[in-house]
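Chemist: Residues per chain, in single letters:
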Amino acid sequence: MLYKYSIKYIAILIATVLLLFLQACSDDENPAGPGTETGSSGITMALKTTGGDETEYIVTKDNIMEGEISAEGTGIEVTGWRFFYKVNSTLFASGYSDDNQCAAYVSNESGEIVSKGGFIFENALEMFGHSDDGSTLLAMEIPRAGFSERKLHFVDVESAQVTKITGTTIFESRVDSLVAWPTALQVRGNKLFIPFHKFDALGYFTTPAADNAYIAVYPYPDVTATPEKIITDSRTSNIGVNGSTTGLIETDSGDLYSFSCGAEMAGFSPASTKPSGILRIKSGSTEFDADYFFNVEEATNGGKLFWFDYAGGNKAIARILTDDNGGAWAAYGRDVFNQKLVIIDLVNQTVTDVPDVPLHAKRYSSPVFVENGYAYVSIETATEAYVYKVDIENATAEKGAKIAGKTVKGFYRL
Amino acid sequence: MIKKHIIVITLFLVYSVANAQNFYVISGRVVDVSGHGIPGVNIVDSSGYYGTASDIQGNFILYKVPEGNHLFAFSAIGYESIKKSISLSSDYEFSQNIVLREMAISLEQITVRTNSEAQDIRLKGYSVSVIENKRTQNLPDDINKVLNRTPGINIRESGGLGSDFNLSLNGLSGNQIRYFIDGVPMENMGSSLSLNNFSVNLIRNIEVYKGVVPVTLGADALGGAVNIVSGFRQTSFLDVASSYGSFNTHRISLNGQYADKESKYYVKSLLFFNRSANSFTMKNVPVYDLELGNFLGNQSVERFHDDFTSGMLLAEYGILDRQLADKLSIKIIAAGNRKNYQHPNNNIKRVFGGFHTKNSTVLISSDYNIEFDRFDISANFTSGTINESVVDTSTKKYNWTGDFVYREPNDPKGELLERRSLMNIDDFILRGGVVVRYTLNQLQTLSVAFSQNYLHRSGEDEVDIFNQSYKSPNFINKSILGLEFNQKVFDNSLEALLFGKAYYYKGKIITIDLEDNEVTNEPTLDNYGFGAAISWYIINNITIKSSFELAYRIPESFEILGDGIYVNPNPMLQPERSSNFNFGARFDYDSDILGIKSELNYFYRFSEDFIRFNPLGPFGEYENLNNVKSEGLEAGVNLNFKSLVTFNTNVTYQNITDQTEFDEGFYNTNYKSRVPNIPYFFGNAGAGYHPFGNEGEYAFHFYYKLRFVNDFFLTWENLGNKEDKYIIPTQFVQDFLVEFSFENGTYNISAGIFNLADAEVYDNFLIQKPGRSFNVKLRYFIK
Chain A
1 MLYKYSIKYI
11 AILIATVLLL
21 FLQACSDDEN
31 PAGPGTETGS
41 SGITMALKTT
51 GGDETEYIVT
61 KDNIMEGEIS
71 AEGTGIEVTG
81 WRFFYKVNST
91 LFASGYSDDN
101 QCAAYVSNES
111 GEIVSKGGFI
121 FENALEMFGH
131 SDDGSTLLAM
141 EIPRAGFSER
151 KLHFVDVESA
161 QVTKITGTTI
171 FESRVDSLVA
181 WPTALQVRGN
191 KLFIPFHKFD
201 ALGYFTTPAA
211 DNAYIAVYPY
221 PDVTATPEKI
231 ITDSRTSNIG
241 VNGSTTGLIE
251 TDSGDLYSFS
261 CGAEMAGFSP
271 ASTKPSGILR
281 IKSGSTEFDA
291 DYFFNVEEAT
301 NGGKLFWFDY
311 AGGNKAIARI
321 LTDDNGGAWA
331 AYGRDVFNQK
341 LVIIDLVNQT
351 VTDVPDVPLH
361 AKRYSSPVFV
371 ENGYAYVSIE
381 TATEAYVYKV
391 DIENATAEKG
401 AKIAGKTVKG
411 FYRL
Chain B
1001 MIKKHIIVIT
1011 LFLVYSVANA
1021 QNFYVISGRV
1031 VDVSGHGIPG
1041 VNIVDSSGYY
1051 GTASDIQGNF
1061 ILYKVPEGNH
1071 LFAFSAIGYE
1081 SIKKSISLSS
1091 DYEFSQNIVL
1101 REMAISLEQI
1111 TVRTNSEAQD
1121 IRLKGYSVSV
1131 IENKRTQNLP
1141 DDINKVLNRT
1151 PGINIRESGG
1161 LGSDFNLSLN
1171 GLSGNQIRYF
1181 IDGVPMENMG
1191 SSLSLNNFSV
1201 NLIRNIEVYK
1211 GVVPVTLGAD
1221 ALGGAVNIVS
1231 GFRQTSFLDV
1241 ASSYGSFNTH
1251 RISLNGQYAD
1261 KESKYYVKSL
1271 LFFNRSANSF
1281 TMKNVPVYDL
1291 ELGNFLGNQS
1301 VERFHDDFTS
1311 GMLLAEYGIL
1321 DRQLADKLSI
1331 KIIAAGNRKN
1341 YQHPNNNIKR
1351 VFGGFHTKNS
1361 TVLISSDYNI
1371 EFDRFDISAN
1381 FTSGTINESV
1391 VDTSTKKYNW
1401 TGDFVYREPN
1411 DPKGELLERR
1421 SLMNIDDFIL
1431 RGGVVVRYTL
1441 NQLQTLSVAF
1451 SQNYLHRSGE
1461 DEVDIFNQSY
1471 KSPNFINKSI
1481 LGLEFNQKVF
1491 DNSLEALLFG
1501 KAYYYKGKII
1511 TIDLEDNEVT
1521 NEPTLDNYGF
1531 GAAISWYIIN
1541 NITIKSSFEL
1551 AYRIPESFEI
1561 LGDGIYVNPN
1571 PMLQPERSSN
1581 FNFGARFDYD
1591 SDILGIKSEL
1601 NYFYRFSEDF
1611 IRFNPLGPFG
1621 EYENLNNVKS
1631 EGLEAGVNLN
1641 FKSLVTFNTN
1651 VTYQNITDQT
1661 EFDEGFYNTN
1671 YKSRVPNIPY
1681 FFGNAGAGYH
1691 PFGNEGEYAF
1701 HFYYKLRFVN
1711 DFFLTWENLG
1721 NKEDKYIIPT
1731 QFVQDFLVEF
1741 SFENGTYNIS
1751 AGIFNLADAE
1761 VYDNFLIQKP
1771 GRSFNVKLRY
1781 FIK
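Protein chains in written order, with our numbering: chain A, 1 to 414; chain B, 1001 to 1783.
Excised from the complex, chain B in its bound form (with noise of 0.2 Å):
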C-alpha cells in the first residue's frame, strides 16, 4: 500500500567557482504530511553518479554538484517514487530565491535557494573569514579598510594612500602571512601590486585562511593567507569607477570584459590609476632648527613631501570550454608607482623633502583548467620583471616647516642614508602552480598541488660607488608539494582533511669577505608540515570546525643571505615554524524576516624560532631567536532585518605572549610576558539602512562604521615607570557613508566622511595616520 504523502524538499544550494566548472551544494529536508522527517530517503541524480541518503531527521546534503541538468530521484521504502529535475547554472547573482512549486502526487515544494560561494568556504573546516565584497563595491573604501573589518585581522598603516602597512593576522604578522589574487602567489611582486593599490570594485572576495592554509595556496605561510578573488563570469561586463576626496586622491578604475559564448573565447582588460598628496595635518610634531639640530618647539603642519601615484594595466585573453581545456587564458599585466616619503615609517624626528621609491613591474602570466573523468587540473604559470628603487640624491635638508638648506657640497649626506643613494633592485621572478583534483568517490577526493617560486635578484647603486649591496646576483628557489585528502562522512555533514607539506628551499650568494674575495654560500633546507581540519554540520544552522597546521615560513633571501654591507649571510639560519590550532563553531540562520551570520573562534598558535636580527659590533646577522604564543578568541555577529537594517560587529582579543625562556644566555625577564607593540584588543561595529531594500531598480545605503583599537604599549608593559610609558594610544575612528545606486545597479553615486571626528589616530608609536576625510565615487556597471 502506498501511502500519500507530501515531501518539502529545501535545497540550498551553493555556487563555487574555484574552477571553470561550478559546483553546487544541495541540502534539503524530506518529510511526509504531518511534517516529520522521513530518514532514509535515498537521493540520487539520473547518471547515478550524485546521490546520497537523508538522515533520521529527513536531512540530506549533496556536495559538489557540477552545474548542468539533473534529474533527482527521491525514493524510500513504504513511499512512492518522486522525480524532480533541477537545473544547476552560474549566475553571478547570489542569495536569489526560486521557490517552486509542485503538486505531483507526493511533493508539493522544493525551495530552491542558491548562497554564495563565500558560504561554501565558510563551512569548510578551516579557520576562514570570507568578506563577500559586493556590498562594499560602490563604496569609496580600500582594501585594507574592508579587511581591518575582519575579526583576528589588524592593519596598521603608517599614513595615508599607499603607505606601508602590516597586517597581523591572530598575531602573526609581515611576512608570516601570504598573500595569493585568484590563488596566484603575490610574493616578491613588487609594491605596484600590494594590497591596497586595488579598489575595491575589482574585488569580489577576500578570503581569509587563519592559520592553517589549503594546500592548494602553495605557499610558506606560517600564520596564514588572504586570497583576494576577483571572480571570474563567462559574460561580458563594463565596470568604471572614478572616486575623488580629501589629500587630492584620486582613484580611477577601468574593468571591462566580452565573452563570446559561440566562439568560445573572451578578452579582458583591467586598469587602475592611483594618486594622493596625503597632505594630511600632522598635529604637534617637533620642529629642529635646520644646522645644528637644536629644538624648537611643536607645530601642526600640513605633509608637504608624501605623494603617492600607482597605476596597473592587464589585458588577457582567453579561449573557453574547449576540447583540451575548460579556460586557458593569458595575461599581461604593467604596473608602476612612485611614493614620497615625508619621513621614515618609524620616525617623525627625520624629515624629507626629496627621498621616493619607484617600482616597475611587468608580469605575463598563463592559467589553464580542464576538468575531465574523475580530474579537476589547474595550473598557473607566472613570469617577470620586477624594478625597485630607492632614491636617496637630494642635496638639501628639510624639516617639518617645509624649510631646507643645502649642504656642504663636501657632505655626502643622504636624507636618510650616511651617502646619497639611487638604488636599483631588479628581480626576476619565475613561478608556476598544479593543483590536481581527483574525485576517488562521493565521499573521498584527494588533491596534489605542487608550486614553485624563483626569484632571482641583483642590484646596484647608481650614485653611491660604495654601496656594494646585491652587486654579486643571489637567486633563491622555494618549492612546496603539498597532498591533501578529504573524506566525508554521516551523510556529507561531516567533512574531514588531511594534509601535508613538503617546503624545498635553495639559494646561492656571493658576498665579499673582508679581504675582497668572493665567497659563495649555498644553503639548502626542506621541511615537512602537516594539517587537518574538520567541519561538522551538526544541525541545519550551526556548524562546528576545527583545524590545526604545523606551518613554517622559509627565511627571506635577506635574512639567509645578508645585505652585503652590515647583515652578515646565516646559511644556518632555520625557517620559523608554528603549530596553529583552531576551534570555533557558526551560527548562520536566514529566514525573509531575519538573516543571521555569526562565529566564534579560539585560536592559538605557538611560533618557534622567530627570526631577529642580533647585533655584533657594527656587524650582525639574522637568527632563529624567538618563541611567541598567542591565543585568544574572536567573534563576529551580522544581523538583517528584512534586509531593511543591518547590523554587525566582531570583536578580538589576543594574549600574545614571549615565550622564550633565555635570551643569549640571560634568563628573560619578560619570559611569558605580553609582547608589546601590537594591539591586543580591537573591533568593528558597524550599521546599515536600506529603505529600498538591497535589489531592484533604486537602492539607497546608509552606513555608520566604527573602529576601536584598545591603547598598548611600545616596550614591555610591566618594565619601566608607569607614568612615562610610551604608549599607542586607543584609537576610535567612525566613518559615515552614503550610497545611491538606480538603474539596478548601473549607476552607482556613493560618498563617505572618514575618521568623522577627527581623531588623532595611530597605528605606530607617534606616527599619526589622516584626520578627516571627504571622497566621493561614481560607478558604472553593466554587464
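Same shape as in the complex, but just chain A (with noise of 0.2 Å):
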C-alpha cells in the first residue's frame, strides 16, 4: 500500500511538473473564475451554455437584469440536453436523447436548489402539464414513427414519483397512416385537452393532414385510453408547434385559447394553406368557439405564431415567425433571426409589437415567467443572448443581464 501511494505522489508530482511547464508555454489564459455569487432567493435558470456538448446547468441569480448570467463556477451539472416544466415550485428537468431520466429540484430551507429524486421512463417524454392544484406533473412519452400509444405519467410532484401510467393513441388512421403529436396537456377541472398535430406514422414529422384544428378532450383525473371526443376545427391548421407545452393556454377566466402555425419554418411539411390565428373554448365549454377566431396572420401582416404563452390579465406573450421564408425547420436554427416578440390581448384581439426587442432566433422554452406584471425572456439574436423584462401591459422591455451561453430555456423563482 505504501507503494501505491508513493507512486501516486510522485506521479502527482510529475503532473505538476508537466502542468507547470505547458503553462508556462500556453498563452491560454483563462480569466480566474469569480466565486460563487449562488444567492438563496433569486430566480433560478436552465442556462444552456456553448461549446462541445452545450452543458446545461440550473443556475440561480439573484439579479438577472444586470451583470452576466453565468454557470463559471456555478449551477448545477444535468447531463443530456433537457426539457425543464415547473410545477408549484418544483423544476423537473426531464432527458431528451442521453439520458431517460427525470429529475426533480427544489429550493432547501437555505435557499439552495437540490435535487429530490427523479425517475426513468423508456422513449423521451417531450410534452409536460399539470394538474389545476399542481400536485401532479403530466408528462408525455411521444413515439415517433409507427402506431402506438403514447403514455401519459402521472408524477406527484411532491414525491417526483410516478404514479400512473396511462396509453392512449389520441388519434390514429391506419388507412390514411396517420398518428397524432401532442402539443399541449391542458387541465381545465375535471377535462384534459389534448391539441395534436397529424403526423404521417412513418415518422418522418411531416402533416399531410395540416389544415385542421384538432383537440382531443379527455376525462380527468380518470384518463381514458380513448379520448371522450375530438373536437377540429377548419379556420385554421394543427395547434401547437414542435418542442412548445403551450399550444393550448388557460386564462384567469377559465377559457381556454390556443394558437394555430402552419409554418414550414415550424416543422409543417407541407406548411398549411390556412391562416395562424388563435382559436378559443370558452370557460364550461369543451366546443371550440365558433364565434371566436383571431386572425394572427392577418392582423401582422402575414406573420405566423410561433409561441404564445399566458402572461396574466387576458394578455398573452408571443413570438410571430415575420416570414415563412426560411426552409423547413429553420425557426429551430440559428440561421434565420425572423421572430419578434409580440403582446396579444386574447379578448380584444390585437397584437402589439414590443419595440424594445429585436428581431431573434428562439427554439425551445419552458412555459414563461411572469412576476408582478412583467415577463423574462431570453432573447437570442444573431451574435448575443440577453434576458429581457417585459412590461406586459405596456409591451415595452427592458434589456438585462447578457448570457454567457446559448440561451436560457427558463426562468423559475423556486
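Wrong hints could be hidden among the right ones.
Reference listing, derived: stretches of chain A covered by chain B, where coverage requires no fewer than 3 residues with Cβ under 8 Å from a Cβ of chain B [as the list claims (entries may be wrong)]:
hint : region
1    : 48-56
2    : 67-75
3    : 170-176
4    : 400-409
Just a sample of chain A residues kept apart from chain B, beta carbon distances all over 12 Å, derived [what the hints assert, rightly or not]:
hint : residue
5    : Asn212
6    : Asp291
7    : Asn295
8    : Gly327
Calculated from the model, a selection of chain B residues having no Cβ within reach of chain A, i.e. all distances over 10 Å [claimed, not checked]:
hint : residue
9    : Gly1293
10   : Asn1347
11   : Thr1395
12   : Phe1450
13   : Leu1616
14   : Asn1638
15   : Leu1644
16   : Asn1668
The set of hints was computed from the structure by calculation and includes no laboratory data.
In this text, a Cβ means the ideal position worked out from N, Cα and C, and glycines have one as well.
Bring the two chains, given one by one in their own frames, into a single complex with the hints.
Modeler: Structure representation (C-alpha cells):
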C-alpha cells in the first residue's frame, strides 16, 4: 500500500512539473473564475452553455437585470439536453436523447437548489402539463414512428414519483397512415385537453393533414385510453408547434386559447394553407367557440405565431415569424432571425409589438415566467443573448443581464 | 610506410522485414591501436553498391543492406586495407550477440549485433512507438492492455472482453485513428476483426504512428495509425495457446505454418476463439421499478447479459522466391461474433436482457511482393462481405436485479429502440493498395503508394417496417495517392523524408424526401496533404527526430449521407484536417550490464473542422463545427539490468483545448478551455524480475504492472458548482503476472491477477469496468 501511494505521489509530482511547464508555454489565459454568488432567493434558470455538448446548468441569480448570467463556478450540472418544466415550486428536468431520466429540483430551507429524486422513462417525455392544483405533473412519451400508444405519466410533484401511466393513441388512422403528436396537456376542471398534429406514421414529422385544428378531450383525472371526443376546427391549422408545451393555454376566467402556426419554418411539411391564428374554448365548454377566431396572420401582415404563453390579464406574450422563407425547421435553427416579440390581447384580438426587443431566433422555451406584470425572456440574436424584462401592460421591455451561453431555456422562482 | 593498426568495428545490425527480402543496418566504428577513431575510411562491399565512409570519430552506418553474403573492404590512405565477410540472414530471434574475433594484421574485433526491426522503425523520423510483443506473447494479456501501456495512448473501455472501446492517441481518437494489420487497413472490416479480438501471441509487433503516418499506410488518418504486425517467417512453426479466467473467460488461438524451402511454398492456418460471460459485479447501480420507473435504491449486482463470443479462421497459401514474385499469397478469412449488451455504452439506467449484435465477415485477400533492379513493389488486394445485425426484438423489460416484465401486446417498444427492430446492414468492400519503392542511389529512395477503398452498403430492418435506414443502397469510394522522397546525408546519420498525399472521395446515396421522392446525392471531395520527418542520429546513443503532417480524415459515410431517418445528408461536409507536429529525442544504450531505452516527445495537434452532429428540431446533420488544439509531453524509460530486473515507466500529459471561438454565432464561453471528458494525465509503470534471464532452457518471469489515469470532468471544468460536478474518478489499477517457460520457450505457463486491489474503475462516466480477475494461460510454441 505504501508503494501504491508513493507511486501516486510521484505521478502527481510529475504531473505538477508538466503542468507548470505547459502552463508556461501556454498562451491560453483563462480568466480566474469568480466566486459563487448563488443567492438564496434568486431566480433559477436553465442555462445552456456553448461549446462541445452545450452542457446545461441550473443556475440561480438574485439580480438577472445586471451583469452576466454564467455557469462559471456555479450551477447544478445536468446530463444531456433537457426539457425543463416547473410545477408549483418543483422544477423537473427531463432528459431527451442522452439520458432517460427525469430529475426534480427544489429550493431547500437555506435557499439552495437541491435534487429531490426522480424517475426513468423509456421513450423521451416530450410534452408536459400539470393538474389545476399543481399536485401532479403530466408528462407524455411520444413515439416517433409507427402506430403505438403515447404514454401519459402521472407524477406526484411532492415525491417526484410516478403514480400511474396511461396509454392512449390520442388519434390514429391506419388507413391514412396518420398518428397524433400532442402539443399541450391542458387540464381544466375535470377535463384534459390535448391538441395535436396529425403526422405521417412513417415518422418523418410530415403533416399531411395540417389544415384543421384538433383537440382531443379526455376526462380527468381518470384519463381513458380513448378520448371522449375530438373537436375539429377548419378555420386554422394544427395547433401548436414541436417542442412547445403551450399550444393551449388557460386564462384567469377559465377560457382556453390555442395557437396555430402552420409554417414550414416551424416544422410543418407541407405548410398549412390556413392562416395562423388563435381559437377559443370558452369556460365550461368543450367545443371551439364558433364566434371567436383571431386571424393573427392577417393582423400581422403575414406573420405566423411560433409560440405563445399566458401572461395574465387576458394577455399572451408571443413570438411571430415575420415571414416563412427560411426553409424546413429553420425556426429551430440559428440562421434566420425573424421572430418578433409581441403582446396579444386575447379578448380584444389585438397584437402589439414590443419594439425594445430585436428580431431574434428562439427554439425551445419552458413556460414563461411572469412576476408582478413582467415577463422574463431570453432573446437571442445572431451574436448575443440577453435577458429582457417585458412589461406586459405597456408592451415595453428592458434589456437585462447578458447570457454567457446559448440560451436560458426558462426562468423559475422556486 | 604502412602503419599497423587495429580496427574495431562494431556492427550494429538492424533486421527489417518490411517485405519478403530482409534488410539490415550495419553500423560501427573504425579505430586505431590507441582507440582513436579513424576518419575517412572507405567501406564498400564487393558489389560496389553498398558503401559509405567513416566520420571524424570513425563512426559509420550502412542502411538497407540486403540479406546474403557480403564482403566489405575497409580502406584508408595510410592504412592497410582489410576485408571482412559478413553473412546477413533472416533469423527470427533478435538481439543475439555474435562476437567475431579475427587476428588479421589490422583487424582485431568485430561485433555483430542484430537488433529488432522495431528499433529500426523507432530510429526513423516519425513519432512512433513500436511495441515489441515478444515479452508479452506468453501472458494472458489482451492487445488493448498492451497498447494502453504505450505513451500517448489511452484506451477507454465500456466493460470486459469484447466491449466497445475508444483509443485516443495524442488527443485524437475514434475514427481519427486508423488501424492496419500488416499494412492493410482494417476500416469497415467488421467488429470481429477489431483490435481486442486478437490474442497477443498472434502478434509480433505493434507500430503506433503518432500524428504523422507513412504513405505506405494508405489511409486518411487524421491523428495517427496503429499497425499490427503479425510478422512473416519463412519457417514452419506451431503456436497453440489457451487461457481461462474469471467471468468464464476463454481465449483459444492456433497459429501454424508449414514452409517448404525446397518447393518454395508455404501454407498457414490461424484461428482464434474468444468467449466471456463478462459477469463482473456492478457496484451500486440504480434499480428502478419495472412498471413505473421509480427509483428503488442502489444495489450491487452481477452483470447477467454481457456474453461475448468471437472467432476467426484464416487459411493462407503462398509461393516464395519465384522469378516473378518474391512472395505471392492468397488467404481467406472467416470471422464472426455475437455480443450481448447489458446496457447502452453511455447509460446504465437502461438495462437489457435480450439486446445483442451479431457480425459475420468473409474476406479474401492477396499479397504480392517483388524486388528487381532498384524496384521494390508490394501490393495487396482485399475484398469481402461484412454483415452486422442489431437485434432488439425482446418483448421483455429488465432492471438490474434481473427481474423482468413482459410488455403489453400492443406496445411495440424494444429494449433500446422505439420499436422492436432487427436491422441487418450488409457491406461489400473492395480495396487495393500498391507501394512501389525505387532506390535512386545509396542516399535517396522514392516511394509511391496508391490505395483505394470502396464500400457498398445496404440494409433492411426485418422487424420494424417503419425503419427506412439504408433501404436504398449507397456507396463511397476513397482513394489516396502518396509520394515520399527519402534522403540521407552526413554519412547516413541524418535521414529526412518528405511526402505528399492526395485524397479523393466519391459517394452516392439515395434518400426519400418528405414527399416520398427519391433524392440522390453524389458528394465528391479532393484534398491534398503533405508532411516531412527528419531523424538525426547525433551520436551513438542519441537520436533526435521531428515530424510534421497536414492530415485529413474524410467523413464517414453516415456523416455525409445521413441515416435515412433523422440524420439528414450533408453533401457540403468537408474533411476534418489537422496540423500535426512532433519533436522528440531518444536515448538508447545497451551493454551487458544495463540496457536503456528512453524517449521524450512533445506533440502538437491543431485540428480544424471537427465533425459534430448539429440538431435542427427533431432532425439534424453532421457539420464542420469545432477546432481543437492538443499539445503535450510524453516520456518513457525502459531499464534492463543484466536481463535480471526490468523496469519501465511512461507518463503522458496532454492539454486539449477548444479553439472554437464562436459557436452558432455566440462567443464560445469555453474558448481555449480544456475539452472535458478526455483523460489528460495518465501513465504506466512496470517492473519485471527474471531470475533465469530471458533466454535459456528455463525462464521464470514476474511482472508487476500499474496504470494510473488522473480523474477528469465529464463537462467543462470551469462551469458549474465544484461540489456537484460529474467526475470520472482517478484510476489506479495494478496487475501481477507470473510466467514460466521451459524447453527454450516451447512450453509456457502463465497466470495473472488483474486489478489486484479490486478497485472500482471507470473509463467513462458511470460505466464500470471489471474488478479483480484471475487468468491462466498455456502456450505451446515450436518451430
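Chemist: Now, for every hint given, state plainly whether the structure supports it.
Modeler: How the hints compare with the structure:
Evaluation of the coverage hint for the region 48-56 of chain A: fulfilled, as 7 residues show C-beta separations to chain B shorter than 8 Å, against a requirement of three. Under the rule that three or more residues need a Cβ within less than 8 Å of chain B, the assignment of the region 67-75 of chain A holds, with 6 such residues. Here's how the region 170-176 of chain A fares: 0 of its residues keep a CB closer than 8 Å to some CB of chain B, so the rule of at least three is not met and the hint is violated. Look at the region 400-409 of chain A against chain B: 3 of its residues bring a Cβ nearer than 8 Å to a Cβ of that chain, three or more, so the hint holds.
Remark: the non-interface label on Asn212 of chain A is consistent with the geometry, its nearest Cβ contact in chain B lying 20 Å away (cut-off 12 Å). Distance check on Asp291 of chain A: its Cβ is at least 35 Å (rounded) from any Cβ of chain B, clearing the 12 Å threshold; non-interface status holds. Distance to chain B confirms Asn295 of chain A as a non-interface residue, since its nearest Cβ pair spans about 26 Å, more than 12 Å. At roughly 10 Å, the least C-beta separation between Gly327 of chain A and chain B is not larger than 12 Å, which violates its mark as non-interface.
For Gly1293 of chain B, the condition that its CB be more than 10 Å from all CB atoms of chain A is violated, with the nearest at approximately 4 Å. At the 10 Å boundary, the C-beta of Asn1347 of chain B falls inside the reach of chain A, the nearest C-beta of that chain being 7 Å off. For Thr1395 of chain B, the requirement that its beta carbon stay farther than 10 Å from each beta carbon of chain A is met, with the minimum near 13 Å. Distance to chain A confirms Phe1450 of chain B as a non-interface residue, since its nearest Cβ pair spans about 38 Å, more than 10 Å.
Against the 10 Å criterion, Leu1616 of chain B falls within the reach of chain A, whose nearest CB is about 5 Å from its own CB. Listed as outside the interface, Asn1638 of chain B is consistent with that label: its C-beta sits roughly 17 Å from the nearest C-beta of chain A, beyond the 10 Å cut-off. Consistency note on Leu1644 of chain B: stated as away from chain A, and its beta-carbon is indeed over 10 Å from all of that chain's, at 20 Å minimum. Asn1668 of chain B, annotated as away from the interface, has a beta carbon of chain A within 10 Å; the closest lies near 4 Å.
Violated hints for the displayed structure, listed by number in ascending order: 3, 8, 9, 10, 13, 16.
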